[in-house]
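Let chain A serve as the given structure and place chain B on it in line with the hints.
Line by line, the protein sequences are chains A and B. Yeah, the first sequence ends on 360 if you go by the numbering used here, and it's all consecutive. Yeah, the second sequence ends on 207 if you go by the numbering used here, and it's all consecutive.
If you're looking for bench data, these hints aren't it; they were derived computationally from the structure. If you're wondering where the values come from, they're calculated on a predicted model, not measured in any experiment. Even for Gly, the Cβ is constructed at its ideal location relative to N, Cα and C. Hints are not guaranteed to be accurate.
Just some of the chain A residues that point at chain B, by a computed CB distance under 7 Å [what the hints assert, rightly or not]:
no.	residue
1	G184
2	A270
3	N275
4	M310
5	N320
6	Q322
7	T336
8	A339
9	R343
10	A346
Derived coverage of chain B by chain A (criterion: at least 3 residues anywhere in the stretch with Cβ under 8 Å from a Cβ of chain A; other residues may be distant) [said to hold, decoys possible]:
no.	region
11	86-92
12	165-172
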Amino acid sequence: MSEEKKITLIIERQDSPDSAPYEETFEVPYRENMNVISALMEIRRNPVNAKGEATTPVFWDMNCLEEVCGACSMIINGKARQSCTALVDQLEQPIRLAPMSTFPITRDLAVDRSRMFDSLKRVKAWVPIDGTYDLGPGPRMAESKRQWAYELSKCMTCGVCLEACPNVNSKSDFIGPAAMSQVRLFNSHPTGEMNKSERLQSVMGDGGIMGCGNAQNCVQSCPKGIPLTTSLAAIYRDTAIESFKSFFGSDNKL
Amino acid sequence: MAGNRDYINRRIHSLLGVLPIGIFLIQHLTVNFFATRGPEAFNAAAHFMESLPYRYVLELFIIFLPILFHGIYGVYIAFTAKHNVSNYGYFRNWMFMLQRYTGVITLIFIAWHVWETRIAIGLGWVDLNYQLMENILTNPFFFWFYVVGVVSTTFHFANGLWSFFVSWGITMTPRSQRIMTYASIIVFLAVSYVGVRTLFTFAYGV
Numbered sequence: 107m108s109e110e111k112k113i114t115l116i117i118e119r120q121d122s123p124d125s126a127p128y129e130e131t132f133e134v135p136y137r138e139n140m141n142v143i144s145a146l147m148e149i150r151r152n153p154v155n156a157k158g159e160a161t162t163p164v165f166w167d168m169n170c171l172e173e174v175c176g177a178c179s180m181i182i183n184g185k186a187r188q189s190c191t192a193l194v195d196q197l198e199q200p201i202r203l204a205p206m207s208t209f210p211i212t213r214d215l216a217v218d219r220s221r222m223f224d225s226l227k228r229v230k231a232w233v234p235i236d237g238t239y240d241l242g243p244g245p246r247m248a249e250s251k252r253q254w255a256y257e258l259s260k261c262m263t264c265g266v267c268l269e270a271c272p273n274v275n276s277k278s279d280f281i282g283p284a285a286m287s288q289v290r291l292f293n294s295h296p297t298g299e300m301n302k303s304e305r306l307q308s309v310m311g312d313g314g315i316m317g318c319g320n321a322q323n324c325v326q327s328c329p330k331g332i333p334l335t336t337s338l339a340a341i342y343r344d345t346a347i348e349s350f351k352s353f354f355g356s357d358n359k360l
Numbered sequence: 002m003a004g005n006r007d008y009i010n011r012r013i014h015s016l017l018g019v020l021p022i023g024i025f026l027i028q029h030l031t032v033n034f035f036a037t038r039g040p041e042a043f044n045a046a047a048h049f050m051e052s053l054p055y056r057y058v059l060e061l062f063i064i065f066l067p068i069l070f071h072g073i074y075g076v077y078i079a080f081t082a083k084h085n086v087s088n089y090g091y092f093r094n095w096m097f098m099l100q101r102y103t104g105v106i107t108l109i110f111i112a113w114h115v116w117e118t119r120i121a122i123g124l125g126w127v128d129l130n131y132q133l134m135e136n137i138l139t140n141p142f143f144f145w146f147y148v149v150g151v152v153s154t155t156f157h158f159a160n161g162l163w164s165f166f167v168s169w170g171i172t173m174t175p176r177s178q179r180i181m182t183y184a185s186i187i188v189f190l191a192v193s194y195v196g197v198r199t200l201f202t203f204a205y206g207v
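Pulled out of the complex, with its shape left as it was, chain B reads as follows:
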């Protein structure tokens, strides 16, 4: 036996967070970053992604199923923790708590984001173009909703990358884990910049 069902679910949960979800996140934010080069560049990039061959298979197996599994199982994990940062206010304990909070925020954000973009496009209510995101993000409430959602997602990814390295037995010593903490902070700042910079372009055209 390679462990029981609970063990395997946890392993799959940890793996999916980085492969493919983490990779998809970076790809998604990178493609969106084309917006900073103007609406035409964004539309061309979005059209390229939209016209990839066997697109529905890619979407299903690289995006929707992994996110559903990771998200639903993640909520279960988040609610089995009993946070105690008030008595044990150590850095990693805070990260542990924030990982669970940002996970829940990210799930809510993604559900809303998929609804008003991918599902709305799929149902033919809107078209995939620069205008769609501009209309959403020029509303100040939704602009800040997206900022919080994007930063929560990038935090969850960067800090999750740190735990991924522990869970798969790569970083074992305190020193390697500390260096991985610094690396994950850099990942967080870099990916957040890419995401938030794009939001500013859509909202303010800068």
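In isolation and in its complexed conformation, chain A is listed as follows:
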């Protein structure tokens, strides 16, 4: 048999949240149908870099391994995406891995996406129904509306859209497309709609909808194919109407 085929990974590493990043190259034996995660697992099994030196195993975040949890986002050959669905056979060699720079790095390829969860809390991305007595069934939702709203519910808070967005960075406080799309999702729900105004007001301020610059990288990058730019435009429209209603007054304001 001919010499064993190897794949090369150039990984941007960082030992702790505050230490300096450095690059390390690894060579791992090729197997059929590998993804980036199985290559990383190979490094974990045998943490020796391309120079043959023993090193610490590369650390990364993962969970579901089927692109529904959002944990394994990283920059692969320049673009942010999920490492579980990044198939080695479809990637240019050497494979370059880096953590998503928009988020604080915890270690190596793992980042802290807390800011996204803070944004979801800020925009009230839920339907408040808790009370001291049974409120009964809510209004029904049209099937046609449920269908497009379902697409928005696929968001897994993976952070890829924030990483791809030129307006989400350390100089700007824009909270990013993901949370805006959730405002649209919960405002489209017949019971959630009762808090529509509250959610819209939460994005009519610092870091809100006006931080969007329509670069539209988000919709190109979203691994779930969520129509993020349609959501952003919907929030642009709704906040414009909300401003009108709240300034001039309206009996239809929720």
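For chain B alone, kept in the frame of chain A given last:
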């Protein structure tokens, strides 16, 4: 509350770009286009604009204050972006970057243009007539400076019109946004023609 100060500033910035600045741009280039009918036609049109009633009020509220707000706030917006077209080379991302670059170029161009025309006229250094622009534009450096400035302005206007339609909730679907892209390209080409054609007349008399 109708949103906080940051929100309102952004809304005003977006609105001013089209109303009145965009309208003024088209009016300004149209009046200048009279130059293609000869110096007398241009002088008559310029004189008409110069002798409009309550001219200073019009200039202040339709031209100077809106441009100052849009320009200064726009520079702040431009410098909060972190461009990434090398990794995400999509069409809209390029437009996003060019919108910010042309905004800065346009601001520099307008500052210079206002200085050597409106301010120089106001201080009595020069007179508003065909000769003034001919003297400026027969210099090859300034001719190309004006070509770049005018094309950058018309690009910023046409592409800004596209974002205006999104920001005010008119174009929401990808299809409507795509058609608006085509419409904004036509606006860009048409307004650029009007502007650059006039420059050629002043520079080469053609």
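Item to check | Enumerated hints in conflict with the structure, sorted upward | outcome: none
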